[in-house]
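2 protein chains.
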Amino acid sequence: MNIIDSARQGIVTPLIRAIAGDEGVKPGMLLSDIASGVTVIPRNKYRTLKKPCGIGRGLRTKVNVNLGTSPDCSDVKTELKKLNVAVSGGADAVMDLSTGPEVRVTRRFLIARCPIPFGTVPIYEAVVKRHNRLEDVTADDIIDVLKDHAEDGVDFVTLHVGVTRNIARMLERSKRLIAMVSRGGALLYKWMKIHRQENPLFARFDEVLDLAKEYDLTISLGDGMRPGALKDANDRPQFGELELLGKLQKQALKKGIQTIIEGPGHVPLDKIRDNVIRQKKLCHGAPFYVLGPLVADIAPGYDHITGAIGGALAASYGADFLCYVTPAEHLRLPSIDDVKEGLMASKIAAHAADIAKGNKSAWARDIQISKARAARDWEKQFTYALDPEKARLYRKSLKTSHRDVCSMCSDYCPLKITEDVHA
Amino acid sequence: MNIIDSARQGIVTPLIRAIAGDEGVKPGMLLSDIASGVTVIPRNKYRTLKKPCGIGRGLRTKVNVNLGTSPDCSDVKTELKKLNVAVSGGADAVMDLSTGPEVRVTRRFLIARCPIPFGTVPIYEAVVKRHNRLEDVTADDIIDVLKDHAEDGVDFVTLHVGVTRNIARMLERSKRLIAMVSRGGALLYKWMKIHRQENPLFARFDEVLDLAKEYDLTISLGDGMRPGALKDANDRPQFGELELLGKLQKQALKKGIQTIIEGPGHVPLDKIRDNVIRQKKLCHGAPFYVLGPLVADIAPGYDHITGAIGGALAASYGADFLCYVTPAEHLRLPSIDDVKEGLMASKIAAHAADIAKGNKSAWARDIQISKARAARDWEKQFTYALDPEKARLYRKSLKTSHRDVCSMCSDYCPLKITEDVHA
Numbered sequence: 000m001n002i003i004d005s006a007r008q009g010i011v012t013p014l015i016r017a018i019a020g021d022e023g024v025k026p027g028m029l030l031s032d033i034a035s036g037v038t039v040i041p042r043n044k045y046r047t048l049k050k051p052c053g054i055g056r057g058l059r060t061k062v063n064v065n066l067g068t069s070p071d072c073s074d075v076k077t078e079l080k081k082l083n084v085a086v087s088g089g090a091d092a093v094m095d096l097s098t099g100p101e102v103r104v105t106r107r108f109l110i111a112r113c114p115i116p117f118g119t120v121p122i123y124e125a126v127v128k129r130h131n132r133l134e135d136v137t138a139d140d141i142i143d144v145l146k147d148h149a150e151d152g153v154d155f156v157t158l159h160v161g162v163t164r165n166i167a168r169m170l171e172r173s174k175r176l177i178a179m180v181s182r183g184g185a186l187l188y189k190w191m192k193i194h195r196q197e198n199p200l201f202a203r204f205d206e207v208l209d210l211a212k213e214y215d216l217t218i219s220l221g222d223g224m225r226p227g228a229l230k231d232a233n234d235r236p237q238f239g240e241l242e243l244l245g246k247l248q249k250q251a252l253k254k255g256i257q258t259i260i261e262g263p264g265h266v267p268l269d270k271i272r273d274n275v276i277r278q279k280k281l282c283h284g285a286p287f288y289v290l291g292p293l294v295a296d297i298a299p300g301y302d303h304i305t306g307a308i309g310g311a312l313a314a315s316y317g318a319d320f321l322c323y324v325t326p327a328e329h330l331r332l333p334s335i336d337d338v339k340e341g342l343m344a345s346k347i348a349a350h351a352a353d354i355a356k357g358n359k360s361a362w363a364r365d366i367q368i369s370k371a372r373a374a375r376d377w378e379k380q381f382t383y384a385l386d387p388e389k390a391r392l393y394r395k396s397l398k399t400s401h402r403d404v405c406s407m408c409s410d411y412c413p414l415k416i417t418e419d420v421h422a
Numbered sequence: 000m001n002i003i004d005s006a007r008q009g010i011v012t013p014l015i016r017a018i019a020g021d022e023g024v025k026p027g028m029l030l031s032d033i034a035s036g037v038t039v040i041p042r043n044k045y046r047t048l049k050k051p052c053g054i055g056r057g058l059r060t061k062v063n064v065n066l067g068t069s070p071d072c073s074d075v076k077t078e079l080k081k082l083n084v085a086v087s088g089g090a091d092a093v094m095d096l097s098t099g100p101e102v103r104v105t106r107r108f109l110i111a112r113c114p115i116p117f118g119t120v121p122i123y124e125a126v127v128k129r130h131n132r133l134e135d136v137t138a139d140d141i142i143d144v145l146k147d148h149a150e151d152g153v154d155f156v157t158l159h160v161g162v163t164r165n166i167a168r169m170l171e172r173s174k175r176l177i178a179m180v181s182r183g184g185a186l187l188y189k190w191m192k193i194h195r196q197e198n199p200l201f202a203r204f205d206e207v208l209d210l211a212k213e214y215d216l217t218i219s220l221g222d223g224m225r226p227g228a229l230k231d232a233n234d235r236p237q238f239g240e241l242e243l244l245g246k247l248q249k250q251a252l253k254k255g256i257q258t259i260i261e262g263p264g265h266v267p268l269d270k271i272r273d274n275v276i277r278q279k280k281l282c283h284g285a286p287f288y289v290l291g292p293l294v295a296d297i298a299p300g301y302d303h304i305t306g307a308i309g310g311a312l313a314a315s316y317g318a319d320f321l322c323y324v325t326p327a328e329h330l331r332l333p334s335i336d337d338v339k340e341g342l343m344a345s346k347i348a349a350h351a352a353d354i355a356k357g358n359k360s361a362w363a364r365d366i367q368i369s370k371a372r373a374a375r376d377w378e379k380q381f382t383y384a385l386d387p388e389k390a391r392l393y394r395k396s397l398k399t400s401h402r403d404v405c406s407m408c409s410d411y412c413p414l415k416i417t418e419d420v421h422a
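Those protein sequence lines, which keep their order, are chains A and B. Numbering that gives the first Met the number 0 puts the first residue of the first sequence at 0, with every later residue one more than the last. Numbering that gives the first Met the number 0 puts the first residue of the second sequence at 0, with every later residue one more than the last.
Think of the hints as simulated: they come from the structure by calculation, not from any bench. Be aware that a few hints might be false.
[Stated by the list, open to error] The list that follows gives simulated cross-link-like pairs (lysine-lysine, DSS-like), each with its CA atoms no further than 27 Å apart:
(1) B:LYS370 with A:LYS189
(2) A:LYS230 with B:LYS76
(3) A:LYS395 with B:LYS359
(4) A:LYS415 with B:LYS246
(5) A:LYS415 with B:LYS356
(6) A:LYS379 with B:LYS230
(7) B:LYS370 with A:LYS192
(8) A:LYS174 with B:LYS253
(9) A:LYS270 with B:LYS370
(10) A:LYS270 with B:LYS189
(11) B:LYS370 with A:LYS370
(12) A:LYS80 with B:LYS395
(13) B:LYS246 with A:LYS398
(14) A:LYS174 with B:LYS359
(15) A:LYS359 with B:LYS395
(16) A:LYS270 with B:LYS80
(17) B:LYS415 with A:LYS370
(18) A:LYS230 with B:LYS379
(19) B:LYS270 with B:LYS246
(20) B:LYS379 with A:LYS359
(21) B:LYS359 with A:LYS128
(22) B:LYS174 with A:LYS395
(23) B:LYS189 with A:LYS370
(24) B:LYS359 with A:LYS389
(25) B:LYS379 with A:LYS415
(26) B:LYS356 with A:LYS230
(27) A:LYS398 with B:LYS80
(28) B:LYS359 with A:LYS230
(29) B:LYS174 with A:LYS379
(30) B:LYS212 with A:LYS174
(31) A:LYS80 with B:LYS76
(32) A:LYS356 with B:LYS230
(33) B:LYS174 with A:LYS370
(34) A:LYS280 with B:LYS270
(35) B:LYS189 with A:LYS415
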């Protein structure tokens, strides 16, 4: 039985019990949140998923890592290493965004080795298969490729259903600095122009939903109109599309399809709250999956940091799922190191938001590391550290004359000087 | 004449004109803000300061870089390299926190080569001079060393005047996970215990102010009680000290001394706003100088990121001056690379906040880089990038087959696909 259907019947499956236990929530709450669409558990009916997770209300903020080949860089072994770094670094989900040759071979290779939810953007493969000749891509191609992904066991798919003729007109009438930065959205927009047709994912949304139902595929409604410049944030195309996504989410939910809503993008710090509140309202509380948001345009090389600032803020206001951003964003396909750095930055953002929301397991860890810090118990600090290996390396790299302090303050360690305050 | 005195007389000096021009504010506004203590221009009367800056209301958020030796690592040439990295990376001020041998020699060497405001924490030297034997440090030592710093041309000094017997009692009664993490605060606390005396900086505050007046030294009132763990944030010792700092600020302002208030520290995301609003209220709008704040305890090795998240948020609510945090925080004395990484993270936080506050020059730069991005004009993007060198290296490191795109999307570049939307 599909997850929503089973939740609506109030069945506490082993999956529900495991996730509720891990998150410290009641199974009954989880069931009713899945039934009403405010929480999802992305999982293809035909895949054995080792480490599933819940995304939504009252759960820890989750982090996604993007990987995948591009025409310029298509070594599947490198992508496997990225996958392994993502999993061991604590990513909750990955998306394979491959656009290099052999998209399906790459996907099957990676998914077989992936213990966590696996997502894709099927439109890429529809276009890659026709060698980027959009004039040769048919509406059937766009629908058919979705079936291939579902058959391969993909757990969640980004579908830019909201890039419609109507929303495209809003875009054309806008004064954006950068028209579109969504790759899937841009491909569909261009396809619509060339073929003078409506977006097939929208025109044939019922077919899409039937397919999703068959495989219990979670749909992530893509934000083709997400702003790529701070100046373009919260404009008519962006919010027009978001409103439409809310209607599509309602339709999907009615059919028992788990649905996530994707969000921006480049957004000034003070406009993030509006994005989250609006999404929750227009999309009936559905999980919000944000890319960043990036709070500055000027920091190529450091966009894991601009993204962590925005992500922490968005998640503290209620965004449920953070798509990581790497230091390579805007510059190149990320390297293995970039994946690690991007993931750590996003994990920090998610954790900071969970702390702000009072999540008990997040707080427990900070309390433990702080106690170890007060005691100057270095090994224990590393145990609770986000990245024990890096912390250990830093400490080792500069010797101190006293084993219980660090080389910053050495003899003048404030923790040591005041250790008897509460003694 | 001292800066506040001259501002109170409404004199538009060349310094005032230059800073007002650079910030795009009216000289009259700057004068009245200096007169009322909501803005400061740290500058020792006897120093020729090449690049002064204003810190306070309506001005861009400023960033400070800490450097200096420690007993474990005391190479002055390395510290000079850090200073140069700070200045060329766009730091607005530096603080020399040296505690290695030859504190004064180091200070004089660095200050002579420093074009931006130079700050110190004089208590360190008072203690280092007595080889960390606090029992040998006299109250006169603590006052006298301040004069040495002023004579050497230091522009602003951190003085932990708020670590009083009364506040220490609040600390002792508290249930903090980590009693104190302020080095200067801890030294004074311990000194008070050993000598059974009140903090000399507090007991002899009038003398301190007279000295500050003589050199037009800006006083940065240190937060000895800043929390070192999220759990300890916004507690009685912290806010008790803040309240006292507000009273001290009023006293200093009356005497025409420019004053800054220092703030935390480790603070959960959702408690940052309260810190800023409260500081502004209790301290009569005086500039707020925060260390981070760090929004997670668990990320040693990545605390430039936890600090950038908190810093961006704090500055967007009104904090004026961010003290950078490096990836080495909690682990070792920062290396030259750590200084660079920490500075960039803080600059991003400051910029993101300036964007949120509608600062025109901040917005202009983001608009320029976004236009260059839309045009796929790589050289122009680098011109407006925070760190052109790093951005260039990233792009170069992975070749793409087409000169106008990057290796992430290559043929599938959304900017290229949709370049005719507004054509």
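A quick look at each hint next to the structure:
| no. | hint | result |
| --- | --- | --- |
| 1 | B:LYS370 with A:LYS189 | 21 Å, holds |
| 2 | A:LYS230 with B:LYS76 | 43 Å, violated |
| 3 | A:LYS395 with B:LYS359 | 45 Å, violated |
| 4 | A:LYS415 with B:LYS246 | 30 Å, violated |
| 5 | A:LYS415 with B:LYS356 | 40 Å, violated |
| 6 | A:LYS379 with B:LYS230 | 18 Å, holds |
| 7 | B:LYS370 with A:LYS192 | 24 Å, holds |
| 8 | A:LYS174 with B:LYS253 | 51 Å, violated |
| 9 | A:LYS270 with B:LYS370 | 21 Å, holds |
| 10 | A:LYS270 with B:LYS189 | 46 Å, violated |
| 11 | B:LYS370 with A:LYS370 | 49 Å, violated |
| 12 | A:LYS80 with B:LYS395 | 22 Å, holds |
| 13 | B:LYS246 with A:LYS398 | 42 Å, violated |
| 14 | A:LYS174 with B:LYS359 | 19 Å, holds |
| 15 | A:LYS359 with B:LYS395 | 45 Å, violated |
| 16 | A:LYS270 with B:LYS80 | 39 Å, violated |
| 17 | B:LYS415 with A:LYS370 | 53 Å, violated |
| 18 | A:LYS230 with B:LYS379 | 18 Å, holds |
| 19 | B:LYS270 with B:LYS246 | 23 Å, holds |
| 20 | B:LYS379 with A:LYS359 | 47 Å, violated |
| 21 | B:LYS359 with A:LYS128 | 46 Å, violated |
| 22 | B:LYS174 with A:LYS395 | 32 Å, violated |
| 23 | B:LYS189 with A:LYS370 | 21 Å, holds |
| 24 | B:LYS359 with A:LYS389 | 39 Å, violated |
| 25 | B:LYS379 with A:LYS415 | 51 Å, violated |
| 26 | B:LYS356 with A:LYS230 | 14 Å, holds |
| 27 | A:LYS398 with B:LYS80 | 20 Å, holds |
| 28 | B:LYS359 with A:LYS230 | 12 Å, holds |
| 29 | B:LYS174 with A:LYS379 | 21 Å, holds |
| 30 | B:LYS212 with A:LYS174 | 54 Å, violated |
| 31 | A:LYS80 with B:LYS76 | 40 Å, violated |
| 32 | A:LYS356 with B:LYS230 | 14 Å, holds |
| 33 | B:LYS174 with A:LYS370 | 12 Å, holds |
| 34 | A:LYS280 with B:LYS270 | 25 Å, holds |
| 35 | B:LYS189 with A:LYS415 | 11 Å, holds |
Taken one by one, the earlier hints fail for this structure at numbers 2, 3, 4, 5, 8, 10, 11, 13, 15, 16, 17, 20, 21, 22, 24, 25, 30 and 31, listed in ascending order.
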